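Chemist: From first to last, the protein sequence lines are chains C and A.
Just so you know, this note's numbering puts 524 at position 504 of the first sequence, and the rest follows in order with no gaps.
Just so you know, this note's numbering puts 348 at position 328 of the second sequence, and the rest follows in order with no gaps.
Heads up, a few of these hints could be off.
Copies of the same chain look alike in the list, so a pair counts if it works inside one copy or between any two.
[As the list claims (entries may be wrong)] Computed cross-link-like contacts, SDA-like style, restricted to lysine to any residue with a CA-CA straight-line distance of at most 20 angstroms: (1) LYS505 with PRO634; (2) LYS505 with ALA629; (3) LYS479 with ARG342; (4) LYS509 with THR630; (5) LYS505 with GLU633; (6) LYS99 with LEU463; (7) LYS509 with THR256; (8) LYS86 with SER555; (9) LYS640 with SER406.
Quick caveat, the hints were computed from the structure, so don't treat them as lab data.
Computed from a predicted model, the values in this text were never measured in an experiment.
Protein chains: 2
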Amino acid sequence: MAGKSSTWTEGSLLQKMEEKLRMHSKRFVGLGFALVGWLVGWLVSASAWADEGMWTFDALPKAALKKDYGFEAPEAFWKHMQKASLRIAGGCSASFVSPQGLVMTNHHCVIECIEHLSSRSVDHVKNGFWAQQPRQEKRCPEMELNQLVDIMDITQPVKEATQNLYGPAFKHAFNEISSQLQKECQSAPHLRCEVVSLYRGGFYHLYKYQKYSDVRLVFAPEVAVAFFGGDLDNFTYPRYNLDVSFLRAYGADGKPLSTPYYFKWSFEEPKEGELAFVSGNPGGTSRLLTTAQLRYVRDYAWPRRIARLSELRAMLQAYGERGAEEKRTATTWLFMVENSLKVIKGRHAALADRHFFNAKMAEEKALQNKVNASAELKEFASVWSSIENLVAKQTRYAAEYVAIEDAFRTSTLFAFAKTLVRAAEEREKPNASRLSEYIDANLPNIETWLTSNVPLYPKLETALLKFELEKMREALGVDHPFVKKLLGKETPARVAARLVSQTKLANVKVREKLWKEGVKGSADAMLLFAKLADSSSRAIRQTWETEVETPATKEGERLAQLRFQLFGTTLSPDATFTLRLSYGQLKGYEENGHPIPPLTRFQGLFERATPFEPYVLPAKWLKAKPKLNLLAPLNMVTTHDIIGGNSGSPILNAKGEVIGLVFDGNIQSLGGDYVFEAQLNRTVAVQSMGIVEALDKVYGAKRLLTELHEAAKTINTPATSPIPQAAPPALQPSSDKP
Amino acid sequence: MAGKSSTWTEGSLLQKMEEKLRMHSKRFVGLGFALVGWLVGWLVSASAWADEGMWTFDALPKAALKKDYGFEAPEAFWKHMQKASLRIAGGCSASFVSPQGLVMTNHHCVIECIEHLSSRSVDHVKNGFWAQQPRQEKRCPEMELNQLVDIMDITQPVKEATQNLYGPAFKHAFNEISSQLQKECQSAPHLRCEVVSLYRGGFYHLYKYQKYSDVRLVFAPEVAVAFFGGDLDNFTYPRYNLDVSFLRAYGADGKPLSTPYYFKWSFEEPKEGELAFVSGNPGGTSRLLTTAQLRYVRDYAWPRRIARLSELRAMLQAYGERGAEEKRTATTWLFMVENSLKVIKGRHAALADRHFFNAKMAEEKALQNKVNASAELKEFASVWSSIENLVAKQTRYAAEYVAIEDAFRTSTLFAFAKTLVRAAEEREKPNASRLSEYIDANLPNIETWLTSNVPLYPKLETALLKFELEKMREALGVDHPFVKKLLGKETPARVAARLVSQTKLANVKVREKLWKEGVKGSADAMLLFAKLADSSSRAIRQTWETEVETPATKEGERLAQLRFQLFGTTLSPDATFTLRLSYGQLKGYEENGHPIPPLTRFQGLFERATPFEPYVLPAKWLKAKPKLNLLAPLNMVTTHDIIGGNSGSPILNAKGEVIGLVFDGNIQSLGGDYVFEAQLNRTVAVQSMGIVEALDKVYGAKRLLTELHEAAKTINTPATSPIPQAAPPALQPSSDKP
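Pulled out of the complex, with its shape left as it was, chain C reads as follows (with noise of 0.2 angstroms):
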């Protein structure tokens, strides 16, 4: 995310969706029935913004803490939190729970790893994984965490160098002087270092992590239990999910990491109204997108993925449908799919709720109003229309590009041939005159993933190659020079084939040679199709960031400049996947008349459960049932304000003890990318007393459950003083909003 600060243009809008992809995104949809809830949320709490933001640790609300919730802490428990704190760097969030490197996070953060860890013959995604030795715990092929050890401000150097500069400028000199910042501050090789733009360039930061690059997997649960309900039960609630699994970080000595960094857990039921923490790393937001870039994201951006994902989906569960070999390799994919299409249908009912865009707009007319009636902000007059302008010459060239640049997305062997021949020439430039992606500081994370072990399945491959190029060419028409050039008078069907069998790029030892030695004189199929492409591509790339990207990410900042100027850091910035404090509360709601509680319970998992799937509970589960108590809590919805990329934060109560684990939001939720709604939007968790008590009782997990135990009996969370002994009322605004 380093250095982006445009997350309204459809490239991005697609960027994001994918890294919603890797980050299993979980945000509510609003499917048919029950947007009647959706709309009665609106009509009846358009005014109640509580518990709105998502705040750096450089500058948290404490007034508003102190005032809303009359929580105050010393600095050394923010710090602590801070560094308690993770981020799963392919998109998820984490955190330490055990001085012994131990950290948790949701079991669908970790599902491709659990993959990776299975075969033919060992299904852990099924049948969950347990390492009852330390020696069991098992590595994950491509995980990384990031601990934030340190945020610095850097806007003046970045001002300075890009002063008075525009377009293809202003790139160049951005990515000049944040590389080199960057490679500054990345002293070690245990660092990463990523510039942050916040408020689209109000402020520039840089963030300073500690990787750990040696984590292995612990514990997970099986998938039928972690995601209990499927995709027909995603981002809706009551709920039943234990979607949790743990990790462990390992030292360079390959010893488990010792750190004073970590939350206790608690071993408490959690009441309703109690002030809770959430530290984690949503992974975007757009709440400062103009009503023109809300209409073409309405209109254009969210129909088109609509189409493209139902496809997917629909062709996905044929595919699993042939066999069981079929099934296991598609899971992962279709559970993508699945959770993105709801993600952007809700989002996309979102924007055609009546009440909500007119909303926006009025919310855009008063800061209009605002600007008119103000002789210094008179410069900002002209930001709307501009917007609306660079909206027109994104519907004109969005098409193409997105068939072209963002071709092919879900075929892994046609993106590490893409990224072969891209790095290869791009690698010869000079740093800054580069393709953004191939800038030195980012070169380390495409290494690490183009020599990554992973599984491949050729099968699964030609699949999706056939079904990349059956899109391609059907948005472009059979007759657009770039479907000629791929396809001459072949089929899609047989191109994928051709070019996944003759391909060796499943190979990591292959992509390890080329990587280092480039592609030169490489005969290989897939190669010399990702060269064939690649004219085009870069050729519609240019249009696409001369003519849109760029001047829509200048106008962006000029607009967030102004709302700077109005209303400073009293609103939080758009998220940017990086560590967030988010406050509120344990807190049922209203749906439809019908009162939601705020917990379930273990009794409510086995009244669901049914012979079929997605409902059948695991064995273990059905045979650990007499000796669970069923009224233990289980699930939990709370008032935070997250979104995609919060996944696998810990929920703390007032003393940093973990209560919770986020894993997704309600259906209410959906409009979260555009706008807080705090009535109905809801986060959904699982409750830390579910979770030992299922380690417990069905899986044994008793070496964990020690740890667990033993590290909430140290000392090394800095006490906050007073705790709050009762919940304020908290459905106020507890800041001037627009």
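Let chain C serve as the given structure and place chain A on it in line with the hints.
Modeler: Relative to the frame of chain C, chain A by itself:
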């Protein structure tokens, strides 16, 4: 369509789309890249409305024809055209082209018949059909042709009977009077009478048809050439489709029909700019919708349908890949789904276009200004806000209405069951109190459908019903009472398999018996399932009709009356699947700066062919190539204003001779449902010379050719005078538009 004046609600939109599925409606899609052309079109041509209009034969635009084209014709010319034109009851147009009852229409209008005449061993869809001998002409199981013989104005009795009535009372009175008039009119079994509401209740007419129920297939080409380019080329131009078939109407005596009403063939290549007529049955347009209604369609109805059809499409594709028989049986469904999907994507794209929507808003504003400026129009001022309120209600109820009352649309067995269950209940009520599709006048259609011996494929039925149950569960959520009632704790797959394997409704004899004797006491699994669904289904339908549909119809009528008061019959009424005349000319256009010529030729077909679907030319064609005149015209574009239902319409020159056969619209005709745009919107047709070239050189269909030649030599068509010598400048407004 009789009696249907509300075409905008979700229910009727869906109904319309399903009719389109039957109609094989052909109307463009706004896929990605091609939208650029559309946008440019709008920018340059926002005020060019020439040749707009689908005119009823009792109110032909004679003045405009004289003014714009210098064309005049005697009354007999038009009467002849009316009676030589035909409607295919399922949803297409056609025409007589010989005195022996020979009928021309599209291949895609009779593909279901062709499929029904096929079997595992003889695949006429793939191989084509040609009755070398008269006795080889084969009866289509489910086909009825309608010839319009009379139009009667019944506005006065209908208005008298329904005066001052609203809601259910209006509906009841309307049903009563229309049934009575219909019954009186249908004085013989060979007659079909339908009440048609024009200008949404401005006029009511009674259309009287001669029915022809013994219709036999004479000739059909291979689907590979009829639908050359498949879904990829569908709605594009230049085009190379031989989308033609010939039928023959037989009389009650079992002999070929002898008729004086037929169109003669033109054996000359038509000239660009030459005046031409389309005489056919456009299914429905939505040109009078308010912007609030269009927003609903854009933001709810179409996105929902796009998601559904995209999934259905991928599901059917994967189904067809399982084997040859699966492919054969899924082909027609896949065609219909892909066709609808393109139509809806195109319509959505038109509504998404800002220029388009702004034009609609400006038009509405102008109308509102007229109302506000006039004391006598004051009563109409509230119509827009009333409609806006109804749209909000529609938004609230649509998801449940669609998922429950419109459930399981692709399952023929469920449709049989639901119809039998409902008919049994409805037929016991007085005629006027029934659900409108079960009034006496409609029962013969239902009976024909229920008792047709069409093939059913249990495996495909199971797959479709499973899909439908899954989508219903997804739309409503697993905890919805309707879902719980129908599925219990079972899965869609199991319920579908059980119902299809246990029902006897695939047997026509069983259906006949149930239709005659009622369903009481039947233990048929599908019937019981339909019964279970029906109470919920009736409840939501009742709510929908009372709260949304009936009041919306009423408001739609008020709006139409306002327009009628202002513009009279200078605007043609929205299409109603009744006979209409469109006039226009053979004319190319410009796309992204490239000129698109009006005619394509056989040469282009061969150049476009590949060894792979959907561009494989049948063996007969490859063999015939040396004999063919490669410069003979194959397809053409004209400026006519048409829409789905017009498929199969003849294009006639000023002498009334066949110069073409409508089968499609080009990509830029996307918004035709909402507004006619003359600059780029084109009708796509097979050229008459192309048809005879193929009949002669590829198929050796001498008998058929001789018949066309013989017919052309007869004297049957009243002469027009004077025949215009050259085309006038046509792109000027021909009437006063708001």
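Chemist: Now, for every hint given, state plainly whether the structure supports it.
Modeler: How the hints compare with the structure:
When the C-alpha separation of LYS505 and PRO634 is checked against a cutoff of 20 angstroms, the pair qualifies only between copies, where the shortest distance is 18 angstroms, while the shortest distance within a copy is 44 angstroms. In the homo-oligomer, the alpha carbons of LYS505 and ALA629 lie at most 20 angstroms apart only across protomers (17 angstroms), although the nearest pairing inside one protomer, at 52 angstroms, exceeds that limit. For the identical chains of this complex, LYS479 and ARG342 are neighbours both inside a copy (12 angstroms) and across copies (16 angstroms), given an alpha-carbon limit of 20 angstroms. Proximity of LYS509 and THR630 under a CA criterion of 20 angstroms is satisfied inter-copy only: 6 angstroms between copies versus 50 angstroms inside one chain copy.
In the homo-oligomer, the alpha carbons of LYS505 and GLU633 lie at most 20 angstroms apart only across protomers (18 angstroms), although the nearest pairing inside one protomer, at 44 angstroms, exceeds that limit. Taking the shortest alpha-carbon separations for LYS99 and LEU463, neither the intra-copy value of 31 angstroms nor the inter-copy value of 77 angstroms comes in at or below 20 angstroms. Only between protomers do LYS509 and THR256 lie at most 20 angstroms apart by alpha-carbon distance; the minimum there is 18 angstroms, versus 47 angstroms within a single protomer. With identical chains, the CA atoms of LYS86 and SER555 are never at most 20 angstroms apart, being 57 angstroms at best within one copy and 56 angstroms at best between copies.
Taking the shortest Cα distances, LYS640 and SER406 never come within 20 angstroms of each other, neither inside one copy (60 angstroms) nor across copies (59 angstroms).
Consistency with the previously given hints fails for numbers 6, 8, 9, ordered from lowest to highest.
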